[in-house]
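Chemist: Kindly produce the complete structure, drawing on both the sequences and the hints.
For the sequence shown, our numbering begins at 1 and goes up steadily by one.
Quick caveat, the hints were computed from the structure, so don't treat them as lab data.
Please note that a few of the clues may not be correct.
[What the hints assert, rightly or not] Computed spacing ranges between beta-carbons, pair by pair:
(1) K62 / K180: 22 to 28 Å
(2) D19 / V193: 44 to 50 Å
(3) P28 / K180: 28 to 34 Å
(4) L18 / A49: 30 to 36 Å
(5) P136 / Q59: 50 to 56 Å
(6) D19 / I56: 17 to 23 Å
C-beta atoms are modelled at their ideal positions from N, C-alpha and C, and glycine is treated no differently.
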Amino acid sequence: MEVKHPKVIKHRVSLDMLDTMVQIEVGPTKTVFQLHKGLLCNVAAYFRAALEGAFIEAQQQKIEMPDEDPEIFKRFQYWLYTGSLLDDTIPGGDILMPSVLADIFIFAEARGIPSLQNAAIDALIDQRYLSPPRLPHRCLHRIYDNTPEDSPLRKLVVAMYADGSVQLTNACWMSTQNLKDYPSEFLRDIICVQYTRLAAFKVVGKDFKGLREDFHVPVANDSGSQPKAGEV
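Modeler: Here it is in structure tokens:
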């Protein structure tokens, strides 16, 4: 069955951004990526500071990112040039596992790329309607180990679990044996959300597609102000 691609979040690209090329070396094996400096600086304060500041990276026009995953960076590169996380050329459609989308979000949050964070959030929400998301315990631990307390990714994951969207149609996951596998902060968040839902008698399923902007990160436009809804 052909997969319908999630909503595409596009960022503005101008010819002026297709200027000089810079080299990014990613991962312990130093996988080399050649990207346009203007595009990088347009989407992330991290790259602007590194390539246009007083750091050695600006002099060399090269950045080393040894702790990043080359496969995640490759998705970032594809998104940077196309505005989509998914490859439209793959027959039948491209699918990213929720754990990969979580890693993309974590990368984007660490590097200050809000539009990419929102693209990952949208893909998680849309794929929730295509197939039941699967979040292994190790993925939840990675999310909670690498995001702040107010992270939209945490908020979305907790909301999906509380909503029964992640294969929680029975209570077996809440057994004493299983609970120890979950991050303690995640369990606390689940309790808080469920208490709020039950207290307000809101036990019906969420329309995550309609509420996607509740999980978005604000993105400043060219003038530095916040964009209107739906504008990136």
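Chemist: So, for every hint listed, does it hold in this structure?
Modeler: Evaluation of the provided hints:
Against the hinted window of 22 to 28 Å, the Cβ-Cβ separation of K62 and K180 comes to about 45 Å, which falls outside the hint. Separated by about 46 Å at the C-beta atoms, D19 and V193 satisfy the suggested range of 44 to 50 Å. In this structure the supplied range 28 to 34 Å holds for P28 paired with K180, their Cβ-Cβ distance being about 32 Å. Between L18 and A49 the beta carbons are some 21 Å apart, a value that contradicts the proposed interval 30 to 36 Å.
Checked against the hint of 50 to 56 Å, the C-beta distance between P136 and Q59 comes to roughly 42 Å, which is inconsistent with it. A hinted range of 17 to 23 Å holds for the C-beta pair D19 and I56, which are about 20 Å apart.
Going down the numbered hints, you'll see the structure goes against 1, 4 and 5, while the others check out.
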